[in-house]
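**Q** Spelled out from the first residue to the last, the chains are:
Protein chains: 2
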Amino acid sequence: MNGAESLMRTAAAAGADVCFANLGTSEVPLAGALDRVPAIRPVLGPHEAVCTGAADGYGRMTGRPALAVLHCGPGLANGLASLHNARRAGTPAVVVVGDQATWHAAADAPLTTDVPAVADPFCAHVGRCESAEGMARDMADAIGESARGPACLAVPADLARQEVREPGADAALRRRRPVDGDRVARAADALRRGGTAVLFLGGGALSREGLLAAGAVARATGCRLVHETFPARIERGGALPAPARLPHPYDDAAAMLADVSAVVLAGAREPVSSFGYAGRPSGFVPDGADLRVLAGAPQDCLDDAVDALERLADRVGAAPAERTGRRAGPPAVPSGPLTPETFAAAVAAAQPADAIVVDESLTSGFGYHRAAEAAPPHTCMVAPTGGAIGHGLPLATGAAVACPDRPVLLIEGDGSALYTVQALWTQARENLDVTTVICDNAGYEIVKWEVDKAEGVGPSSEALLSLDRPGPDWVGVAEALGVPAARAATAKELGGALRAAFAEPGPHLVEAKIRRAGA
Amino acid sequence: MNGAESLMRTAAAAGADVCFANLGTSEVPLAGALDRVPAIRPVLGPHEAVCTGAADGYGRMTGRPALAVLHCGPGLANGLASLHNARRAGTPAVVVVGDQATWHAAADAPLTTDVPAVADPFCAHVGRCESAEGMARDMADAIGESARGPACLAVPADLARQEVREPGADAALRRRRPVDGDRVARAADALRRGGTAVLFLGGGALSREGLLAAGAVARATGCRLVHETFPARIERGGALPAPARLPHPYDDAAAMLADVSAVVLAGAREPVSSFGYAGRPSGFVPDGADLRVLAGAPQDCLDDAVDALERLADRVGAAPAERTGRRAGPPAVPSGPLTPETFAAAVAAAQPADAIVVDESLTSGFGYHRAAEAAPPHTCMVAPTGGAIGHGLPLATGAAVACPDRPVLLIEGDGSALYTVQALWTQARENLDVTTVICDNAGYEIVKWEVDKAEGVGPSSEALLSLDRPGPDWVGVAEALGVPAARAATAKELGGALRAAFAEPGPHLVEAKIRRAGA
Numbered sequence: 001m002n003g004a005e006s007l008m009r010t011a012a013a014a015g016a017d018v019c020f021a022n023l024g025t026s027e028v029p030l031a032g033a034l035d036r037v038p039a040i041r042p043v044l045g046p047h048e049a050v051c052t053g054a055a056d057g058y059g060r061m062t063g064r065p066a067l068a069v070l071h072c073g074p075g076l077a078n079g080l081a082s083l084h085n086a087r088r089a090g091t092p093a094v095v096v097v098g099d100q101a102t103w104h105a106a107a108d109a110p111l112t113t114d115v116p117a118v119a120d121p122f123c124a125h126v127g128r129c130e131s132a133e134g135m136a137r138d139m140a141d142a143i144g145e146s147a148r149g150p151a152c153l154a155v156p157a158d159l160a161r162q163e164v165r166e167p168g169a170d171a172a173l174r175r176r177r178p179v180d181g182d183r184v185a186r187a188a189d190a191l192r193r194g195g196t197a198v199l200f201l202g203g204g205a206l207s208r209e210g211l212l213a214a215g216a217v218a219r220a221t222g223c224r225l226v227h228e229t230f231p232a233r234i235e236r237g238g239a240l241p242a243p244a245r246l247p248h249p250y251d252d253a254a255a256m257l258a259d260v261s262a263v264v265l266a267g268a269r270e271p272v273s274s275f276g277y278a279g280r281p282s283g284f285v286p287d288g289a290d291l292r293v294l295a296g297a298p299q300d301c302l303d304d305a306v307d308a309l310e311r312l313a314d315r316v317g318a319a320p321a322e323r324t325g326r327r328a329g330p331p332a333v334p335s336g337p338l339t340p341e342t343f344a345a346a347v348a349a350a351q352p353a354d355a356i357v358v359d360e361s362l363t364s365g366f367g368y369h370r371a372a373e374a375a376p377p378h379t380c381m382v383a384p385t386g387g388a389i390g391h392g393l394p395l396a397t398g399a400a401v402a403c404p405d406r407p408v409l410l411i412e413g414d415g416s417a418l419y420t421v422q423a424l425w426t427q428a429r430e431n432l433d434v435t436t437v438i439c440d441n442a443g444y445e446i447v448k449w450e451v452d453k454a455e456g457v458g459p460s461s462e463a464l465l466s467l468d469r470p471g472p473d474w475v476g477v478a479e480a481l482g483v484p485a486a487r488a489a490t491a492k493e494l495g496g497a498l499r500a501a502f503a504e505p506g507p508h509l510v511e512a513k514i515r516r517a518g519a
Numbered sequence: 001m002n003g004a005e006s007l008m009r010t011a012a013a014a015g016a017d018v019c020f021a022n023l024g025t026s027e028v029p030l031a032g033a034l035d036r037v038p039a040i041r042p043v044l045g046p047h048e049a050v051c052t053g054a055a056d057g058y059g060r061m062t063g064r065p066a067l068a069v070l071h072c073g074p075g076l077a078n079g080l081a082s083l084h085n086a087r088r089a090g091t092p093a094v095v096v097v098g099d100q101a102t103w104h105a106a107a108d109a110p111l112t113t114d115v116p117a118v119a120d121p122f123c124a125h126v127g128r129c130e131s132a133e134g135m136a137r138d139m140a141d142a143i144g145e146s147a148r149g150p151a152c153l154a155v156p157a158d159l160a161r162q163e164v165r166e167p168g169a170d171a172a173l174r175r176r177r178p179v180d181g182d183r184v185a186r187a188a189d190a191l192r193r194g195g196t197a198v199l200f201l202g203g204g205a206l207s208r209e210g211l212l213a214a215g216a217v218a219r220a221t222g223c224r225l226v227h228e229t230f231p232a233r234i235e236r237g238g239a240l241p242a243p244a245r246l247p248h249p250y251d252d253a254a255a256m257l258a259d260v261s262a263v264v265l266a267g268a269r270e271p272v273s274s275f276g277y278a279g280r281p282s283g284f285v286p287d288g289a290d291l292r293v294l295a296g297a298p299q300d301c302l303d304d305a306v307d308a309l310e311r312l313a314d315r316v317g318a319a320p321a322e323r324t325g326r327r328a329g330p331p332a333v334p335s336g337p338l339t340p341e342t343f344a345a346a347v348a349a350a351q352p353a354d355a356i357v358v359d360e361s362l363t364s365g366f367g368y369h370r371a372a373e374a375a376p377p378h379t380c381m382v383a384p385t386g387g388a389i390g391h392g393l394p395l396a397t398g399a400a401v402a403c404p405d406r407p408v409l410l411i412e413g414d415g416s417a418l419y420t421v422q423a424l425w426t427q428a429r430e431n432l433d434v435t436t437v438i439c440d441n442a443g444y445e446i447v448k449w450e451v452d453k454a455e456g457v458g459p460s461s462e463a464l465l466s467l468d469r470p471g472p473d474w475v476g477v478a479e480a481l482g483v484p485a486a487r488a489a490t491a492k493e494l495g496g497a498l499r500a501a502f503a504e505p506g507p508h509l510v511e512a513k514i515r516r517a518g519a
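As given, the protein sequences belong to chains A and B, one line each in that order. Count the first sequence with UniProt numbering and you get residues 1 to 519, in order. Count the second sequence with UniProt numbering and you get residues 1 to 519, in order.
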């Protein structure tokens, strides 16, 4: 057995059963190792962003090490934007990068790059193998450290080929830790002190167990539940507590938290604006409000947010239980042409039970989250946890690989879709049950809105922020990459197309022509 | 005038008349500045790799600053692989990245990243603006330093909005410098000493002037002319001297240089293998051969290779002149089904005069370079100067923007095409005269060949190195993105489709179904 195989065996023993990969010559020993470790299923991404984005989706859904193998330097670079989102989501992704043979590095051949330096700004852990014998241990370390987000391991090709004695190493993600009792006590005090208190939720707090505990705390203390704007994963629908989503637009977010007297963070960071606006504070928690950390965010620490919320619920005298006030029924089925409002309602009304919903709709989909509160139980993942667009198609791909028995619904902006349209090919090849609905509003509306607010849209910025002349034919793109597709211009057509797509296994795409406000 | 506008005016004054861009909220002030500096034409790339790859093509063709504006962190990351190629090509690209407002950086909002750290492994120069008043000077420095390859400048959004007194700064690429006379003398000695001498050409030595001087040196000394495997730009065809291309496969390259007694480098680095192979040296120049640097490579220094070759020609008693032995005529027109051989011949036979040929064909196109020696005069750019694939479509896009009066022919591998297929949309929007021919061999053949050689292709590596099940329908993809397309399975069909494409303005695509050897 060589070093590469000991590395792959270590990954497989830690629960990695899939490898999202795009290989080059420096990964030849890793390719050979995958051939000899059939417990790991290879999934080809025809661009590295598909691999790292899919790894993020797999990791968010399984909690197991999400393995990717990428080519040195530029290949890794192509996957960084998705690793950035995975880092902010705290996803346990492990990216293995083949590197030049140690003795060949000094030749500075065209593909030679400093792999750890390339990975460092986007990873929670970066390593480089120094020997074949240490490769299994290096991989175990990378897996362990990926508990706080992506780890990257550079594997020189010559070392990967050397024979080793050890067949692999034991490996597991580092475990979450109970938070200090003082934090629970102080959080309870802050929520019970009167005034307007908010329990601000993210990370593990948005799991079913976390939400049930949070709901119990809200009932016992009267606090409001709010969740972060871009949650990596949240359980929703049915009878689960439905925290309010902190809005993305600055004014709306500031208004939601304007009157709070206390904010307790559970699995989340303090909420801040995505960008700085002159004369306004970075953070949304008002001066003078009592800010407490019950449990930190996954990207920052290993705090166990679920355990912390359950202990908090005990402390405030609440018993975790399903919310009694069940919603009346499924979302209403809208009619008429597709506007952002009817679009959101039509998607929510059509989504099947137990769906995994991936949201990268940005402007078109802001209404979806509210509309889907009454949908059947489902998991929602907001794609751009780190603000990097082009993540939705790969994320949905990885979620479908991870959960073959659940339907995946991707709500995708047109600007984002064009970033990583190659993921459709992987969905076709793997016959994944993903239905993508493209919100075709012919532009990067979210940025155009910011330009318009700041200084008005002129001819150059209009040209740079519109996806028209020509508008991509999404049905044509999908079918050419092997994904059956349809087009919808009304709420009824969209509902019909989505139901037809979910009724048939394998990937589908629906292009939704959304009229802009005032158009 | 604000800082952003002073920066753009500096770029425009230095000759940048195009900006390849993909914007986010941190670039809003830069968008406003582009609206107020109409001398710079905005070109939208629907993925940052399209922007940086197009900037590389524009810079290689014009020698002027190739401007790109990208979004902070992840946006820049998406463009790094193309910057890697541009770095190895020594292209004068200047990438401006909007960054968080200085006072907002501490909030570590989702998109906050260390922009200089992200850029550093792939750029010749990295800067960050510290004041609005210094922004024009910072841009001038970035432009100057881009003479050795891409420069990156981070522009905090708050500073970009501040008013400035200075309307811009003078800026120009740093000039190439004459090499020391000793180097010319030593090169002449090495080439005249007898034995088998090679003048190894790259960078500026592959310009028309450089090649004519090199040809004169070869006639006077009897040395062989060889050029680097992945030249950024080489003038070819007609009556120009035609150096041999150093082959990509290790054994072929080693064989070409096995018997040399002296190698003189002109605008090129010492030739080395792309990857390390056990038991074989990194470099191809045999032990004991006399290795001399006449002029270094553009990525390493500002040596003026053309001037050095002309002085060398004088020194060895040769007068620069066109080669007398003109070739007999245009390449023969092949017939029969498309194999790598008939494909190469059909493309060379169909290419129009004064074409810009972009080559990212890898395995399918190795035969093209020899076939095109007899073609009419043309410029050839090999896309992956740094080995990063997915560079052809963007590079051709930028070349067509730079040279609207010349037809652009892109010979593109299918694996590479799927990386950056979004560039077709930009070609359609800008109505660029690019004809893309896709070498459809249904896989990453170059890597499969390496795996097969090293350890044999097993089921996992076969799955990861084949682009089949389904094969992308390239005609469908192109048409859906606004590019008319056709399909060819024989040499005759390919020739006809290429001639029809060149006869009509605007972008076209031809899918060439190439039979693998033995298939």
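Keep in mind that the hints were calculated from the coordinates and are not lab data. Any given hint might turn out to be false.
To be verified - Covered stretches of chain A (chain B as the covering partner; in silico rule of three or more C-beta atoms under 8 Å from a C-beta of chain B):
#1 195 to 208
#2 251 to 261
#3 304 to 316
#4 331 to 341
#5 424 to 434
#6 438 to 451
#7 504 to 515
As the list claims (entries may be wrong) - Calculated cross-link-like contacts (lysine to any residue; reagent style SDA-like; alpha-carbon spacing at most 20 Å):
#8 K453/A to D158/B
#9 K453/A to P352/B
#10 K453/B to D158/A
#11 K453/B to R161/A
#12 K448/A to D314/B
#13 K453/A to R429/B
#14 K448/A to R224/B
#15 K453/A to Q162/B
#16 K453/A to A463/A
#17 K448/A to R161/B
#18 K453/B to A463/A
#19 K453/A to M1/B
#20 K453/B to N2/A
Here the structure is a predicted model, which is why all the values come from computation and not from measurement. Just so it is clear, CB atoms sit at the ideal spot from N, CA and C, and this is done for glycine as well.
**Q** All the hints need checking, so say for each whether the structure fits it.
**A** So, going through the hints one by one against the coordinates:
For the stretch 195 to 208 of chain A, the assignment as covered by chain B is violated, since 0 residues bring a beta-carbon within under 8 Å of that chain's beta-carbons and 3 are needed. Coverage of the stretch 251 to 261 of chain A by chain B is violated in this model, with 0 residues showing a Cβ closer than 8 Å to a Cβ of that chain against a need of three. Using a Cβ-Cβ cut-off of 8 Å, 0 residues of the stretch 304 to 316 of chain A lie near chain B, which falls short of the minimum of three, so the contact claim is violated. Beta-carbon proximity to chain B at under 8 Å applies to 0 residues in the stretch 331 to 341 of chain A; the threshold of 3 is not reached and the given coverage is violated.
Three residues within the 8 Å Cβ limit are the bar, and the stretch 424 to 434 of chain A against chain B gives 3, so the coverage statement holds. Only residues whose C-beta sits within less than 8 Å of a C-beta in chain B count toward coverage, and the stretch 438 to 451 of chain A has 5 of them, enough to reach three; the restraint holds. Counting residues of the stretch 504 to 515 of chain A whose C-beta sits closer than 8 Å to any C-beta of chain B gives 0, which falls short of three, so the coverage hint is violated. The straight-line distance between the Cα atoms of K453/A and D158/B is roughly 15 Å, inside the 20 Å bound, and the hint therefore holds.
Taken as a hint, the K453/A and P352/B pair is broken in the structure, with Cα atoms around 49 Å apart against an allowance of 20 Å. Only pairs whose Cα atoms come within 20 Å are accepted, and K453/B paired with D158/A is accepted, the gap being roughly 15 Å. Proposed proximity of K453/B and R161/A is supported: the alpha carbons are some 14 Å apart, at most 20 Å. Annotation: proposed proximity of K448/A to D314/B is violated, straight-line Cα distance about 59 Å (limit 20 Å).
Between K453/A and R429/B the CA atoms are separated by roughly 27 Å; this puts the pair beyond 20 Å, and the hint is violated. Note on K448/A and R224/B: the hinted pairing is violated, with a Cα-Cα distance of about 57 Å set against a maximum of 20 Å. Simply put, K453/A and Q162/B have alpha-carbon atoms about 17 Å apart, close enough for the 20 Å limit, and the pair holds. Among the hinted pairs, K453/A with A463/A is consistent with the structure: their alpha-carbon atoms are about 17 Å apart, no more than 20 Å.
Note on K448/A and R161/B: the hinted pairing holds, with a Cα-Cα distance of about 17 Å set against a maximum of 20 Å. Distance hint between K453/B and A463/A is unfulfilled; the C-alpha atoms sit about 49 Å from each other, more than 20 Å. Pair hint K453/A plus M1/B holds up; C-alpha atoms about 19 Å apart against a cutoff of 20 Å. Of the pairs offered as hints, the one joining K453/B and N2/A holds, with about 17 Å between alpha carbons and a cut-off of 20 Å not exceeded.
Of the numbered hints listed earlier, those contradicted by the structure are 1, 2, 3, 4, 7, 9, 12, 13, 14, 18.
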